[in-house]
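Hey, can you work out the whole structure from these sequences and the hints?
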Amino acid sequence: MFAYIVRRLLATVPLLMIALYAVHVGISLTTDPRADFYLCLPRCQDGFDTITEAYNLDVNVWLRPFTWFASLLQGELGESSSIGEPVGEVLRSRGWNTALIAVPAFVISAVFALLLSVYSARHQYSKGDYFFTGLAFFGLAFPSFVLALIIQNVFGVQLENWFGIKPFNTGRKTGTNPLEILRDITLPVMSLSILFISADSRFGRASMLETLNQDYIRTARAKGLPERRVVWKHALRNALIPLVTLWALNFSVLLGGSVVTESIFSWPGLGPAFIRGLFDADIDLILGIVLLTGMFTVFFNLVADIMYGVLDPRIRLD
Amino acid sequence: MGYATLLTLVRGMSGTEMSEPLLKVDDMSVSFKTDAGDVRAVSNVSFEISPGEVLAVVGESGSGKSVTALALMRLHPKNTETTGQVMFDGMNLLDLPEPQIRSIRGRDIAMIFQDPMTALNPVFSVGEQIVEAIRIHNDVSKADAWAKVVDLLQLVGVPEPKQRAAQYPHEYSGGMRQRAMIAMAICNDPKLLIADEPTTALDVTVQAQVMEVLHDVQEATGSAMMLITHDLGLVAGSADRVQVMYASRLMERGSTDEIFYESRNPYTRALLASIPDLESVKDKLDSIPGNPPSLLNPPSGCAFRPRCSMSVPQCAEAVPELVAFGGNHASRCHLATEIDITTGVNA
Amino acid sequence: MDEGSDFDVPEASDRSEEAVPLFSVGEVEGFSAEDAAHYASDELEGLSDAPKSFGRLAWTRFRHHRLALLGGIGLVSIVLMFIVGPMLSDYTFDQYDVADRLLGPSRDHWFGTDEIGRDLFVRTAQGGLYSLRIGLIAAVVATIAGTLLGAVAAYFGGWTDGFISQLINLLLIVPALIVLSVFSLYFGGDANRLAMVLAFLLWTRIARVVRGVVLSIKEQEYIMAARASGASHARVIFRHVLPNVIGPVVVEVTLLLGTVIVLESTLSFLGLGVQPPNASLGTLVAEAKGSIDDDPLRVLTPGMFIVLIVLCVNFLGDGLRDALDPRSRNERN
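Protein chains in written order, with our numbering: chain A, 17 to 334; chain B, 12 to 358; chain C, 6 to 338.
One should not assume that every hint holds.
Quick list of in silico lysine to aspartate or glutamate cross-link-like pairs, DMTMM-like style, CA-CA up to 20 Å [as the list claims (entries may be wrong)]:
id	chain 1	residue 1	chain 2	residue 2
1	B	Lys35	B	Glu59
2	C	Lys294	C	Glu120
3	B	Lys89	A	Glu243
4	A	Lys182	C	Glu120
Covered stretches of chain B, going by a simulated chain A footprint (3 or more residues, C-beta under 8 Å) [to be verified]:
id	segment
5	132–139
6	277–285
Quick caveat, the hints were computed from the structure, so don't treat them as lab data. Predicted model, so just to flag it, every value in this text is computed and none were measured. Every residue, glycine too, gets a C-beta built ideally from N, C-alpha and C.
Following this line, the structure appears as structure tokens:
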């Protein structure tokens, strides 16, 4: 098992490096942090040189990523020019904020998607099934920004207009105590959960349906097991196997920061930092975020594969 | 001890057990609803099984034999309509409340399915699955149940049962899986075993072994057995009585000897003729021409008419009634009384 | 960082290798042929109605899929409205009149006007067509690239397969929106180039599907027979392999179209996609979002058109999947 994990991680390191290299070259080729200086050049030669040195701009574009890799090896992620803090610090503080909405959104969407999948599969073609699958279809068609804007408007503004109450915060992070945090995160978490529930419950329903149609489910029923046990023990364990991969993927996506939802709710997470870095050609910040999200993806894919092996005795990880 | 069990005991003591059927199916019909119309998979089938008796139900694919078995245990899909009566231990299984039918499933009536490769849950060990079947009906400790599992696996001929019990289905071969299924089915000493094509999915070499195991445990436990098969050859050595089904209907029933040597039904005779026979040297095997009919719009009159070599105009007009020939022997054919049973089918 | 995008979700149906017998009864609410076929497979597969051709069967199944039909009709109506509507209007796409700014819907301006008095109906129609155009180009390019690369990977195997598979993994490691953002910020703006950037990311899913299908076809005897009789690789791929993947690919394209439209509108909303003076439904939402509290309708109108289009496309894709891929009928709505 240990050897498997090491081998898997080793196999993905080169991939991650290639990805970082490509992003570095891509940004370098298309942006120039000195753009503002060219017009004033003889006068502001000093500033020009400082930036040239800071960004290693005299190094060939194709070789430039290696200086970044070199400093990465020394644990140095550089300085974010757009935020004005070390990239490591930005990733840490913003990462925590992102986790604050990512973890609840993940848990809520996983639980609801599972319950809906089981319900829909057990009552296939019932009114409830049609209702929920219809809702999921609808939810899937919503781009995240449309959904977030609607939720922000309905729960932030219209609720106040109609009832004069404002139970949730619709803007930036305000509080530090649990109740305030709950007020802050409710709407972004709601937006993200709805999107993920829609996608996952459709998938989960299909997986559950397929499992419920298997012969071993009939065997379980023929043994005289109550339906509850047939579904929640015999079917679920099998239906979970493909869902686990999906969840691992979801969690890594959520932890990487949801650009749109966080931006709309002005949530100081990784998403808005990334967008800002992109517009400001903040190459160190972008690379830092790509590194972090890439590591999340690799890690949670690995977790998914290990879970796979745990859930399904037919799969051996070695 | 439940009232029902008590009742059987009392009945058993009264000494009428051989005449008192264990299971009595009366006029049972099963239909699937589809938008192209109702598909009638079982039409007005009646039969009985006595304690300890082996009844073989024979027919081609689509004849309704498996649906009959599933309907008995109410394991058919939800949108299926079943009418008629299935009396077991003084209860009508078809309108028993769900908790009660569950306590019968696996305890009084156990089932062995066709494909052992898919009938065991891949994510639980074989032992766990049998232990579950024991403990759902009996208040025994896990350790005791596990010990019983090892005994059962030994009984059905799984080598090294202690180690094998902890293994998962994918570590078993097809034949071993079917043995495990048999062990699971007999773990609560059921009164009735339903074996749905128990050897069809297995290699030919393994089929005979599994059949032998099934036969042995049936004799050892004294349970009755309903053996569903399309293979008349399998029936000869193991069944007390046979009933032949075709296109949802019972075509003929009788003792095994009556069916094999005095069949009064053209369909049965055609089936018999298609059994490969090592003794008579023939150029080619007889097969029944054509395919089984669509259950959606079955042919008028007798369903076998289009393929029947003996059909007469009358056959298209009405579905023939079952004609009784003394004892239990009965055949559904307009010409039943006219068939010359002295002619061997292989002649 | 992409929320709700579903393009690397494993398919549940991939797990079922058993073929559900093609069953000629059709489907109904409540109890479908597939259920009947499943529960009574050995009982009913012997039904001997005249077998229908695959095409006819597919068409029958598609027609019975009411949602798919609804999706098709809905999509055609929306496109017609987008094309014909502006012809009936007195205004053009970028004609502005500051005196008429921020008007509500009226007989004159059906959807009202924006901050500099441009007619929102015409802008929505043109933006919608722009979104559809990008989506279509991206879906087609991604499909062609994905099909070819997937087929080549599976067909040749070995080193080629390893390379293409690693490329797919590479694109999976970096979250989609990051790659899209980096590239589209600098290459985007123009519809065709934006479509290429989107296609660059989205070919992977199709490639994986096609690779899977081809891997299973490859082992079949008729392919070996063709090779043995001296057919070239290209001939085998085009004559024997690709025709078999058309079904799954058609389904994927449709589902991909929905994904692309959502992604494009998201990028455009963030300011990374379509650039002014062009407009797509995403930029229209972005333009209006500042005044959402006073005038939610201006955000909702283009927003709901995205939802409607994607909904129709997904219904259509679902119907096509049911019609062309009998294995995955479980997933039908």
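Here is what the structure says about each hint:
{"no.": "1", "hint": "B/Lys35 - B/Glu59", "verdict": "4 Å, holds"}
{"no.": "2", "hint": "C/Lys294 - C/Glu120", "verdict": "12 Å, holds"}
{"no.": "3", "hint": "B/Lys89 - A/Glu243", "verdict": "13 Å, holds"}
{"no.": "4", "hint": "A/Lys182 - C/Glu120", "verdict": "29 Å, violated"}
{"no.": "5", "hint": "132–139", "verdict": "holds (count 5)"}
{"no.": "6", "hint": "277–285", "verdict": "violated (count 0)"}
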